[in-house]
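Asks: So the chains spell out like this:
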Amino acid sequence: MGGAALIEIRGVRKSFAGQARALDGVSLTVRENEFFTLLGPSGCGKTTLLRIVAGFERPDSGEVLLAGKDICPLPPNLRPVNTVFQNYALFPHLTVLENVAFGLEMRGAKREDAKTQARQMLETTMLGEFGARLPSQLSGGQQQRVALARALACKPRVLLLDEPLSALDLKLRRTMRAELKRVQRETQITFIFVTHDQEEALAMSDRVAVMNEGRVRQIGEPAEIYDAPGDRFVAGFIGETNFLPGEITGCENGFLRVLLGGGATVAVAAGNGEKSGAVTVAIRPERAALHSPADTAANAENIVTGEVRDIVYLGGTTRYDVVLPDGAALSVSESNESGGGNYAARFARGEKVCASLPRDSLRALER
Amino acid sequence: MVTGAGQAAKMPGFAAWTGVFYAFLYAPIVILVVFSFNAGRSATVWTEFSFAWYARAFANKSIQQAAANSLIVAFSATAAATFLALLAALALTRGRRFRGAGACHLAILAPLMIPEIVTAVATLVFFSAIGLRLGLFNVFIAHTVFCIPFAFLPIWARLQDMNETLECAARDLYADAWQTFRRVTLPLAAPGIAAGAMLAFIISLDDFVITLMVADAGSTTLPVYIYGMVRMGTSPEINAVSTVLLAASATVAVASHFAARRARK
Amino acid sequence: MTESRFINFALPPWLSAGPAMAVLLFFLAAPLCIVAAYSLMEADPHGGVRAAFSSEAYVRFLFERDWDGNLALDGSYAAIFARSFLLAAAATALCLLAAFPAAYCIAGQPPERRGLLLLLITIPFWANLLVRTYCWVLILRDSGLANTWLSALGVIASPLPLMYTDGAILAGLAYSYLPFMALPIYAALEKTDWRLMEAARDLYAGWWQTLFRIAVPLARGGIAAGCIMVFIPSLGAFIAPDLLGGGRKLMIGSLIQLQFSSSRNWPFGSAAAFVLLAAVLLVLWLWLRRGGAQKAQW
Chain A
1 MGGAALIEIR GVRKSFAGQA RALDGVSLTV RENEFFTLLG PSGCGKTTLL
51 RIVAGFERPD SGEVLLAGKD ICPLPPNLRP VNTVFQNYAL FPHLTVLENV
101 AFGLEMRGAK REDAKTQARQ MLETTMLGEF GARLPSQLSG GQQQRVALAR
151 ALACKPRVLL LDEPLSALDL KLRRTMRAEL KRVQRETQIT FIFVTHDQEE
201 ALAMSDRVAV MNEGRVRQIG EPAEIYDAPG DRFVAGFIGE TNFLPGEITG
251 CENGFLRVLL GGGATVAVAA GNGEKSGAVT VAIRPERAAL HSPADTAANA
301 ENIVTGEVRD IVYLGGTTRY DVVLPDGAAL SVSESNESGG GNYAARFARG
351 EKVCASLPRD SLRALER
Chain B
368 MVTGAGQAAK MPGFAAWTGV FYAFLYAPIV ILVVFSFNAG RSATVWTEFS
418 FAWYARAFAN KSIQQAAANS LIVAFSATAA ATFLALLAAL ALTRGRRFRG
468 AGACHLAILA PLMIPEIVTA VATLVFFSAI GLRLGLFNVF IAHTVFCIPF
518 AFLPIWARLQ DMNETLECAA RDLYADAWQT FRRVTLPLAA PGIAAGAMLA
568 FIISLDDFVI TLMVADAGST TLPVYIYGMV RMGTSPEINA VSTVLLAASA
618 TVAVASHFAA RRARK
Chain C
633 MTESRFINFA LPPWLSAGPA MAVLLFFLAA PLCIVAAYSL MEADPHGGVR
683 AAFSSEAYVR FLFERDWDGN LALDGSYAAI FARSFLLAAA ATALCLLAAF
733 PAAYCIAGQP PERRGLLLLL ITIPFWANLL VRTYCWVLIL RDSGLANTWL
783 SALGVIASPL PLMYTDGAIL AGLAYSYLPF MALPIYAALE KTDWRLMEAA
833 RDLYAGWWQT LFRIAVPLAR GGIAAGCIMV FIPSLGAFIA PDLLGGGRKL
883 MIGSLIQLQF SSSRNWPFGS AAAFVLLAAV LLVLWLWLRR GGAQKAQW
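Chains as they are written, first to last, in this note's numbering: chain A, 1 to 367; chain B, 368 to 632; chain C, 633 to 930.
Check the hints yourself; a few may be wrong.
Claimed, not checked - These stretches of chain B come out as covered by chain A in the derived footprint (C-beta under 8 Å, 3 or more residues):
1) 529–535
2) 542–549
Stated by the list, open to error - Beyond 12 Å from chain B on every Cβ pair, some chain A residues (computed):
3) Arg21
4) Gly108
5) Glu252
6) Pro325
7) Ala348
8) Cys354
The hints are simulated quantities; they were obtained by calculation from the structure and are not laboratory data.
The structure presented is a predicted model; accordingly, all values stated were derived computationally and were not measured.
No residue lacks a Cβ here, since even glycine has one placed at the ideal position from N, Cα and C.
With the hints as constraints, model all of the structure from the sequences given.
Replies: This is how it looks when you write it as structure tokens:
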């Protein structure tokens, strides 16, 4: 990665009449050949940002640069940017072939040339036999591929995808995920992908921007976003996270000492988060480990005690819901290694347990 | 729900009542149509089947003139009303939001709310006050006014249902505003426009009260002519002309129904 | 999702909505204003008005002026208004009674059959009103079908005077506007979940109770819309009272028309038109204020 900047969004603000800010000063850079994802809950502004890049909305302030040139004043038809719409927006009165040829023709290609090119495009996407059909005669997955072919036919600098997989069923979504990723690699076109599905974002993206309430909360590679969430929102939105309230009592050797509500003190890797005061300590369920109180001597550091309140068998994993002395809840997930129908939970409901929280897996975040 | 009401939801006697309902709706019309083919003068005693009264009606110069007037007015008022309604519907569903849009919408529907007889006398009084006496042209203006809401409603409903994203997609695929309108908006709105135009056409063709007040001697339309004949006494010739008029509106109504159904798909 | 719409249709409103507005303003609003003005002027016996202020037209609704110019209470015009209201209300009730079971029955049919049955209601809806009313002349006149068949059956000796009666007008009105009642009730019932009726039956309601405690309340919006759509045109009807009432039994509509034809009293006709318009708008306003248009679900 690390290509040159292709799209630069600088301080973009946008509000709609009678509503809170949809975008509240968004700045980010998308690089050449990158699969970039805008991830966030619905209403976070990600679709609005995409529509601004496409040219369907104008920002109230700020600018959008494409290869160094501000494209905000340009109407959508003068931008080398194409969109795959959420419900595909295939023209229902045109055949599949005419849909794919539409953009080429509008760009000035002769009707016959446009059709020839569109036919080639359909062949390469294995839609050749559907050219004469109307969109309504295709399945959801096929429509999705036509929408992709139509948008790629014009060879845009940037392809915008607005939740393109949300209308498909789970199995098809998995297949299309891989196909999209392959198309992106092969065409080397920059993708900006909007989704509210964190799994999709982690699986496909080179980099992810997590958005909430009109702002970018964190930008980074998927592993970075997952393992080192920058704030409580990101930690909570992506994957499952335990939040334990605590107080920073000191700092030594690059580790913060945090006094948890239940009285235990843990060492926490000092990221670029809080350095003093009240914090919340975040840990993923699969990073914590449970032991019976008898064998804690081996690892006396970063131990909290509690009582198992519930045990949930989830097939590949088992989740133990533990209550700490101050009432805080800690979920710990363990993978089930023993198969063969002889599964038994390691702990019983009501049993006292110790949980070790590895210090490199803990993050101290603003409360 | 898809398969209709189950046994428990059925009410006793309702099915039979529905039969009576349709009989009541159609019996008078059937009587008219049947007796229009009666050879005798009577509209009560059947003698034998004949096209005689149709032949007489078609040969009647006054009826020919009235029918021609009706068609001229219906076609021109339909064209004018549909054009005005299409522009207004586009403004209300596709244009920039503007102040007074709600009032504008209400104004377009106003002819539906004002009793026909009131519109009729108002138009009569207005033409006489400004001294406009252009015969058929007066009738055309009056018809255009009350046809606007009928043309407007199906067009508006169609544009309202149409996904705006399609226009976004066209612009995204390098079509300019005009190309988008011509290649996407207009073809997709076409069934709504067709349904609206057909409704306006029937409404104009069938109008009687307003035309009666507005039309002068030379610009009589078919319904007004029929009215004149009815006042003179019934004659089988009226039955024949009336049947033709009914057939015309029924045909257009059915066509409009199917156009609207296509639009909904 | 987003609150703003992407504008592709960039024609300014004055150019797009403007022409229709101009036509309606010039050929509908302006004429109504002139009618309002005429209703406050003196009548010209040769037709038209004299440009002088007079409230005579409104006074005439309730009083009669004798040769000396004295006012005496006169109920004949008030009676026409009262009759119009009564006939319109009766026609509305008749339509409701006829249309509700039919609409209920159609809404309960499988979808394919529903489309056809609905079309069969829509055709008379668009068919020529004058012609449809004329059909009733064929049936009701002295030598008409009703009398012929009744005497052939030996029920009556001499023809019954069916024409030119309130009953004839009522039949004509109900027949004219029946589809206007059936369609909105159908629209309301079509969206009904029929399992509600089954639930009522399951909870020990008889069909009569199911009808009045469940079905009718569910269709309330459609019933209200249907009543409005029958009552309003019935109130201002001209064709039915004219053809079937024969000028002897007047309603407001025919009274107004008379003032602009043979009676040649434009101010009085204008005043009557205005009173009718006011009554109609009042009914509509009351209905809309109670959210009637939304409840009707279309």
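Asks: All hints are to be evaluated individually against the structure, with a verdict given for each.
Replies: How the hints compare with the structure:
no. : hint    : in the structure
1   : 529–535 : holds (count 4)
2   : 542–549 : holds (count 4)
3   : Arg21   : holds (20 Å)
4   : Gly108  : violated (8 Å)
5   : Glu252  : holds (56 Å)
6   : Pro325  : holds (54 Å)
7   : Ala348  : holds (49 Å)
8   : Cys354  : holds (56 Å)
Checked against the numbered hints given earlier, the structure breaks only hint 4 and satisfies all the rest.
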